[in-house]
Structures are given as structure tokens and as C-alpha cells.
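Student: Here is how the chains run, residue by residue.
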Amino acid sequence: MSLPRNIKEQFPLLSQVVNGHQIVYLDSAASSQKPAAVIEAMNDYYRTINANVHRGAYEIAAQATEAMESSRERIAKFIGANSANEVVFTKNATESFNLVARSWGGQNLSHGDAVLITDMEHHANIVPWQILSAELGFEIRWIPLTPDGQLDLTSLDQLLDGVKMVSLTAMSNVLGTLNPVREIADRAHEIGALVTVDASQYVPHFPTDVEDLGADLMCFTGHKMCGPTGIGVLWGHEELLDSMPPFLGGGEMIVDVRKDGFTANEIPHKFEAGTPPIAEIIGLGAAVEFLESLGMADIRQHEIQLTKYAMNALNNRYGDELTIHGPRDPDQRGGVLSIEYRDVHPHDLSQVLDQRGICIRAGHHCAKPLMKLLGVGATSRASMYLYNDESDIDALVDALEPAGEMFAL
Amino acid sequence: MSLPRNIKEQFPLLSQVVNGHQIVYLDSAASSQKPAAVIEAMNDYYRTINANVHRGAYEIAAQATEAMESSRERIAKFIGANSANEVVFTKNATESFNLVARSWGGQNLSHGDAVLITDMEHHANIVPWQILSAELGFEIRWIPLTPDGQLDLTSLDQLLDGVKMVSLTAMSNVLGTLNPVREIADRAHEIGALVTVDASQYVPHFPTDVEDLGADLMCFTGHKMCGPTGIGVLWGHEELLDSMPPFLGGGEMIVDVRKDGFTANEIPHKFEAGTPPIAEIIGLGAAVEFLESLGMADIRQHEIQLTKYAMNALNNRYGDELTIHGPRDPDQRGGVLSIEYRDVHPHDLSQVLDQRGICIRAGHHCAKPLMKLLGVGATSRASMYLYNDESDIDALVDALEPAGEMFAL
Amino acid sequence: MPGLDDLYKEIILDHYRNPRNQGELDSPPAHRTEGFNPLCGDEVTVTFEISDNSLSEVRIAGHGCSISQASASMMSAAVKGKSIDEVREVTRRFKAMMSIHEEEIGSEASEQTSDEVFELGDLEALKGVVKFPVRIKCATLSWNALLTGLGELEG
Amino acid sequence: MPGLDDLYKEIILDHYRNPRNQGELDSPPAHRTEGFNPLCGDEVTVTFEISDNSLSEVRIAGHGCSISQASASMMSAAVKGKSIDEVREVTRRFKAMMSIHEEEIGSEASEQTSDEVFELGDLEALKGVVKFPVRIKCATLSWNALLTGLGELEG
Ligand SMILES: Cc1ncc(COP(=O)(O)O)c(C=O)c1O
Ligand SMILES: Cc1ncc(COP(=O)(O)O)c(C=O)c1O
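Chains as they are written, first to last, in the numbering used here: chain A, 254 to 662; chain B, 254 to 662; chain C, 3 to 157; chain D, 3 to 157.
So that you can see chain A by itself, here it is in the shape it has in the complex (with noise of 0.2 Å):
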């Protein structure tokens, strides 16, 4: 089964006309669009039975309740996890990495400790474990990378050697490169370190089962993945975060609140402090539900002929004046596609773009390290989702011969 041709019309922002052009949405590694059933949950919400969950004995707090628990156990179901206990909600995949650092990371990391990560890791898994190590003094461990941008695992044992926690992403947001989550795991989990799965860019394209990753913990965000701003998830082993102390303080994460001190209530919610984003997980739920629809196999199908179809075109048109990092293999990477076309600087080729309506992001997309590691400021990443297809590949690789043009040296 493949994808349903007439999919662009479930989503209501490509058809908007921008520069005089349909709009080509090529940055959905940063964030995808949203069909019309997640924005019309959201409404619905908002419309019908809007109100404040868990405390209100009222009918329509009640099926506000109802309405994001049951979000919760579909969002549980989709990834693999044993309970609806063990999702819980955060406001983005960046907040998820800071719980995990903050929490698991101060009970359990100390000087003379070490967090092994990689060299192709977002902010979000980097920038939150070196706030704690300043104040707790453990290492910052990474894994090298190869020439063509796979983790490089040759030292993985001495590397391994001392570390307690193990927290790496399962794709690269800017070389679409895949790693090998589950070996990793294993090696990790031989030696008893924790791992930690950033699937920020693996769930939205990929049918996910927690278990067969290998992880421990994993966090993954909700608007790349058809869902709503505002949302994220933290998922973890029951056990695992049972043992973790509460992260942010206030209501809801409470049973008892005494002025010589606070009970923590039981997971998801201990994490889950002050109002939780109710309309956002209603959104996320249905977000879930549309990808199920289409199924993620499918999913990942489409997106593995499309990236075939794109290295293949822009390799033939433009040879040795164009560069894609990561995996030469379009089964073994993701629809992320880093180019370095001439001396055409990203910020200049996306603003040339632009003008034909096509949308690809120029920047360091979060990963400084990795960009130091490719010796650039910053690359144009153009990046794909199940709504895109052949006619928007065509329309970027088109547009790059006048912006070679334009900014000869």
C-alpha cells in the first residue's frame, strides 16, 4: 500500500500560495505541517469541552480528562510502550531532555561519572547534560563519527568504559543518518548504563517500538510530527521512572502538600506539573491517529523512494558542484538532506528559494558541534514528510542552478 496521491489536500497550509508560487514545504525536520483532523481536534476541544482535567467532578472536565488520557494511551500504544503510564507530557522534546538530566541525571551522576552522547547530537541532548556536569563535574563523552557522517564504533568499549548513562539520537536532523540504536543499547546495558533514545526524528517517520530500540528512556516532540506546538513526550521504562525524583514542583504532581514538605502523586503524573497542555495532547492524540491511518510503514516507504528519487536527481543534475552529507544509501538514512551546492552560502539559497515559494531551512540546525565537525557555519537542509512528492523534489532541484548563477565567485 502506498500513500494517497491526493494527500496535500488533508493539509490545509500547502495550498497557500506564497511569492506567487504553491508552496513547496521542504523544512519539516524542523517542524511539519498539520492536516485539517488535528487542527479541527484541537478546535473541538476548545469548542465543546474546554476545561481545566483531573480536578473537575463536572461533565465536561470530565471528558476533557477522558479526552487527554485517552490521547495518553493511544500515544503509549503507538510507540510500543507496556502502559499509558509511562508517557509522560512535556512541552517539547527539549524539556524531555532536561526532566531525564535534571532528574535521573542529579540522583544518579557524580564527578568521576560519564555521559556518553555523539558527535551528531541536537542542543537538546547536549546543552542540558553540560548545565548539570558544571555542577556535578561528571564527563561528557562522545561517539566520532565516520568520513561518510555514521557513528564511528570502533572505541565504543573504551569509550563505554565508566559511563552511566548513554543518550543519543536515533536519526540525525542534519545528515539523516540512521544509528544503530538497539547494538548500542545492548553494549550500554551489558555494562549497566541507562540509555537514553532522542527520537525526535525517528518517531514521526518510522513505526517505533521502545523495546525493540533498546531504550530506557526516549523523548520525541509533537510538531514534527503532525502534531501541535506546545507539546512533547518523555517516555520511560514504569521501574525506571518510579525511581525518579519529580522534576518541576506544583499541581497536579502532588498527593499531599504539608508545609514541612510535599508527597509526590504517582507517574505520569509526578512529572506533570501545573495545567497541563490539554488542547496540545488532544492535538498530539489525533496526530497519532492520522499517521495511523496511513500506516508508518508506509510512511517510511514513501519516504525512502522520494529520498532515492532526490539523491538521484540532484547527484545527475549537478555532479561534483553539489555535496549531500551523511549515508550515500537512501534505505539507510532518513529524508534529510544536507547539500553544500557551489559556494552558494545556505542563508543566500534559501532566501533564492524562497522566492519560488520553496522552503528548506539554511542554518546550524541546533547541532553546532557537528557543523565544526563539517567545517561549516551552517548547510541547507532540505527535508521531507509524507505529504511531499515528486513535483517538489523537481521544483528545488530546478531552482538551484539560478542561485549557483547568481552567487559565482
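The set of hints was computed from the structure by calculation and includes no laboratory data.
Treat the numbers as computed from the prediction; the structure is a model and nothing was measured.
Where hints are given, some of them may not hold.
Claimed, not checked - List of simulated lysine-lysine pairs, DSSO-like, C-alpha gap at most 27 Å:
#, chain 1, residue 1, chain 2, residue 2
1, B, Lys-330, D, Lys-97
2, C, Lys-97, C, Lys-139
3, B, Lys-512, D, Lys-139
4, C, Lys-11, A, Lys-330
5, D, Lys-139, B, Lys-330
6, C, Lys-133, C, Lys-97
7, C, Lys-133, C, Lys-11
8, A, Lys-512, B, Lys-625
9, A, Lys-625, B, Lys-512
10, C, Lys-82, C, Lys-11
Given the structure of chain A, go ahead and fit chains B, C and D with the ligands onto it with the hints provided.
Tutor: Relative to the frame of chain A, chains B, C and D with the ligands by itself:
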């Protein structure tokens, strides 16, 4: 000028029918309803300019950034801030408090210091301090209450001794009490302490000017002021925010990340890690625009009138059988009525009212220390907003009697 | 939408107005266990004595809504004098009835073990609570506290 | 929607292709200052020498887009040999032009001090950048770095 008579029509949810009755929503202290304009603003964002902000050179990303930043400016003006840079977006008031406690508190508090709060605080302004105090060993002190639910300031001088931060609510979400924030702030400033104001129940209902309040930092939340869920605000004086270390780490909050550490961005971005709640910020901007169009002074007048009407109606009808917690004078309190009626337990009362489509909240309202002081496990709370009218109050008053009969002991 | 009569059956209001086995036993020697409902502030304290593997005495204290109070009172009447195994079985059945899918679970279970001792009797009156999911925690508060208390005994 | 021609004027592309005053002076003795654009990763290093209260030498290094490179090159040409006060004045004017409300500010200012020295000349070509707000930071990157460098001298 009074509020438009047909204001309810602007709130889609208020035309819902619950259990055969048009809904009577008296739970705005928990969360307010949303005008169509706010729901539409978020819709429009998702349908026309949805894109990640700050990092995109293309048209819709620039528009999304512009929409988000002009919301920030609008909100800054709305509370009398000197600059949009003083407005930090969080996910709710609770996160704002955690930011203050962890960032400012982590840098400034240690054994021997004290933080002064009050007996009527919401858990959001208690638990973050308790978490931090368990780590750093400072003391948490409480301003006591008079029998009619006002702050008892007779021992304020002693209480202030050694205090570095006074953190208090401008209005109680249980008692409706308006606190003399300015007076307390002035006395706190005299001894060199800072003042954080919980304005979660204040900004939605009163013309607010941070300078008049005498606040150094102020926390409030979007969903109680006609805005969406998933968005809160921390306001702070520019120099103070500048001096505070980052809270959450990740994208957006850095200017540089190296393997050996990071350089934080300027305020407000320093405190906004990860993809922000873009749609929600735009929604909150629309909410502020809506409130401004009515006029905060008129909203306050409307609520005084309605509170007066409600207190009279309840007292006249039920006399000794009914107690309203907190100050007697409607001019001196907000439109939040915590009611004790005969022996009816709040949960039972709200259940019975729900049968008539009347939404009130039964519970501890995230103020357990206050509940203990009042000697109850929970209260029945009816709370008003700009869209309520006398017919809502009449419905409430009429519905109490049969509930009383049913649960007579 | 179920009506209030489904929730507030006469027998429930009777237990609410005239709670059975009220008070607290001295502990020790009695065992003591507590339950909180963080949603509404309800609190229950269950004290009980065990002799000869039976719940020889039980007392209920605390405060809460009619449902939590009535359920605690009905529980005390249902478990007093029962063997620990019987207490566990009636608790299991009660909680099954209180789970959202009670219909299926309830009927299956009763076909498997149709022993007279385990009939829920008066407790059946609480069945209507399931239609008001927010109130389920009110009804199960005292039962969960008792279960916790029994669990602690066993170590 | 303004077209690309408003942004990429020929003179800008010329400065981009043939940047003036490229390189780095040895520092010390030269002063050195850096600028980052966290949004796109652009970096600029400005080294300069002061003698007799004038910016006697200036060099630009780093990498970035055509706008940031061209603006840095144009800046170097505009400030080289100028007195510190003149440098500050041209910077002030350039930044006023780059602010979203440039029209008003720009015209007011030029009426108040209509000294020939302070005409922006070639720099006027960068005016179109204002229509592309995301790119303003590209254009002002080197100017802000220079200002920081001058500030450090004094303080
Ligand atoms: C006085 C007060 N402070 C803080 C909060 C916390 O707001 P939020 O749950 O949106 O973080 C609330 C509302 O729940 C409140 O009433
Ligand atoms: C790999 C990766 N991790 C983490 C994040 C952070 O997500 P968010 O900004 O929604 O917190 C992103 C996206 O920005 C990402 O691509």
C-alpha cells in the same frame, strides 16, 4: 462603559448544552473559556504560516517569527513592561515559578537564607521552593492569615528577617482575597529582598502594571485569561533576568555550543529552550487583544457587580446555612466564591449542580496548606469571568437547595 | 447521560447518613492504614484487627463525599468477620465492578466462582458509580487503603 | 512581497565576490573583536588599529552569507581612516537605516546633521535588506562586532 450584553456569543463553548441545560460555566479560576477570536488566531497560524521560528529565512517562517514576537510585544504592553525582552514564555505559571526558583534561587539561596510565602499560596508557589530548599537548606516562611482570609501583616518585620525573596499571590484562587502586594513589596525592598508575584488570578481580571505592583518577577498563565493551554509567562526586570543563569538547556537558548560548554543567548531567549509554543503564543496575543478590546477596567467593574450580586443572593437565600470564605467586601476581593453549604460535601454538590449544567469546582484547588488551615479537605468554588451574568448566579443559587435536601444528615 | 439516581441510590445515602463501624481502634495493637484522594482531598483511615486469619474488627475514620463515606461504611460491614482470603476476594470483585469494563469482567468472574459468600450484596448499589468515572476513586478509596494495609502485614 | 533585486543589488554582489580589506591583523598590537549570528552560524572577526584617534587599519575575516560578507566589506571601506567619532556616527546611521523604522529615523537624522562626511554612500545599497527582516542581523553583524570592539577600548 460596561461589557457588551451578548458577550457570551463570542465564546463557542458557552452555547453547549449539558445534561439538557445550557451550560453555566462558573469555573474560570481553574480555566477560562476561549473567545472565537483566539481559537481562530491559532487556526490561522496552522493553516497559513505554520513553521518553526527564528531559524528560517523563508517567508512563512519569517511571518511565524513576526507573529510570535509581536504577541510578545502586545503582552509586554498589556502588563506595563518596559520591553518585550522582559517577557519570557513558559508552558504555564507553574513552569515560571520553577524557573524562578531553580535559576534565581539556585544562584542566590543557601543555608541561613529564607523565602517568605503566604498561607494562601497555590502549590505552584510552594513546591518549587520546597524542592530547592531540600537541596540548599534555606528556610521557607509563611505569612499567616486573619480569620477573614486576609494576610496578617502584624509580624511582617520579624518574618522578613533574613528573607531574600518574598513570593506571594496577588489574589487567592480559593478565597478571592486581594493582597496588598505593593505595600509588602516596598517593605521587602527596604531590606533588600526581591518580590515574585503570582498573578495567575490577577492579570486575567485587573488592569495590571508591573511597576505599580512593585514586582521584580511575575508569573501568570495563558489558559485563565482567554488564552490557550500550554502557555505561561514569566515577566522580570531586564537586569534581573540578565543576571539569572539559564534554566532549561537546548536549542534557541544558546548563541554557541562547543564540546566544552555553551554560551547562553540574550533574554528572553536564554530562558526559552527548544521549539516554543508558537501557536499558543499567538493565541495568547489574540487573547490579550480581546481583553484590551473590552477594557480591563470594565471587566473588573463587571466582576465587582456580579460578585456583589452573588454574595447578596446567596446570603439572603441561605443565611446561616451557607458560609463564603474570605473577605466580605466585594470591592476588596475577586470573583471567586468558596462556599460551605450545610453539610454537603463539595464533590457531591458539584455533582448535583452538574445535572443542571452548572460547572463549579470541588477540591483543594492546589492549596492544601490553606485547606488545612480552613479545616476542610475541599471547598466548593464558584468563580466568575467577563462572560458570566446574573442568570448564571441565579442558576447556582437555585440549585443549592435541592442538593441540601438530598444530603441532609 | 445517566441521572443522579444511578449514583445516589437510597442505600448509599443511608450508609452516608448512618455510617457503620465508625472510629479508630488503638494501634497498635490494631493495624492502621490510610488513603488520600488527591483530586478532592478525601481522606480515610482504616484500623483493623486480625485474629485467626480473620478480620475480627474494623473501624473507619476520615472525611469525604457521600460516595467515599458510604463505600467505606459498606466495606466495613462487608469485610468484618471475614477470613483474609475472603476479604481479598470481595475486594477483587468490588474493584472489578468499579473498573470501567466491569460488565465483562464482572460476569465472567461470577460464572467462574459462584460461591454465595462472595456475593456483593448491598455493595451492588455502588455499581452506578462506574457511569461517573471521576467518582470511581471516591468509591475505591477505602478499599485500596485496606488492600495496602493487608499487603503491609504480609511484608 | 519585495523581489530579490531589492536585496541583492549589484554592488552588494560585487563586495561579496571581491571583499575589501580581507584578513586579520596581528593582535596585539591590533584590536580584535568577533561577532556570531546564532541563527545561521555566520561568524566575523574584525581586527583594527587605532592611531591618533582614528581607525588607521581594519581587516575582516570569517564566513557568512553574501549579505553579511558584503556588509562587512563595505563597512571596512567606509570606516578605514575615519576618526573614532566619525566611525561611531556612520555606524549609528547605518544601524538606524537597518532598523525596521528606518524611513523616519533616517530622514530625521539626516536633516539634523547634514555633513558630507556622514553620507552612507555605497552603504545605501543595503537599504533593501530591511524588507527582509530575517537578514537584518546578517547586515549588522560586523557593525555590532566593531561597536563592541570600540566599546572595549574605552571601558
Ligand atoms: C493562584 C494560582 N497560581 C498558579 C496557578 C498555576 O497555573 P498553571 O496550572 O497554569 O501553571 C494557578 C492555577 O492553577 C493559580 O490559581
Ligand atoms: C534530533 C532532534 N532532537 C531534538 C529536537 C528538539 O525538539 P524541540 O525543539 O521540539 O524540543 C529536534 C528539533 O528541533 C531534533 O531535530
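Student: For every hint, state whether the structure bears it out.
Tutor: Status of the hints after comparison with the structure:
{"no.": "1", "hint": "B/Lys-330 <-> D/Lys-97", "result": "holds, 25 Å"}
{"no.": "2", "hint": "C/Lys-97 <-> C/Lys-139", "result": "holds, 10 Å"}
{"no.": "3", "hint": "B/Lys-512 <-> D/Lys-139", "result": "holds, 26 Å"}
{"no.": "4", "hint": "C/Lys-11 <-> A/Lys-330", "result": "violated, 38 Å"}
{"no.": "5", "hint": "D/Lys-139 <-> B/Lys-330", "result": "holds, 25 Å"}
{"no.": "6", "hint": "C/Lys-133 <-> C/Lys-97", "result": "holds, 14 Å"}
{"no.": "7", "hint": "C/Lys-133 <-> C/Lys-11", "result": "holds, 13 Å"}
{"no.": "8", "hint": "A/Lys-512 <-> B/Lys-625", "result": "holds, 10 Å"}
{"no.": "9", "hint": "A/Lys-625 <-> B/Lys-512", "result": "holds, 10 Å"}
{"no.": "10", "hint": "C/Lys-82 <-> C/Lys-11", "result": "holds, 23 Å"}
Violation of the numbered hints given earlier is confined to hint 4; every other hint is satisfied by the structure.
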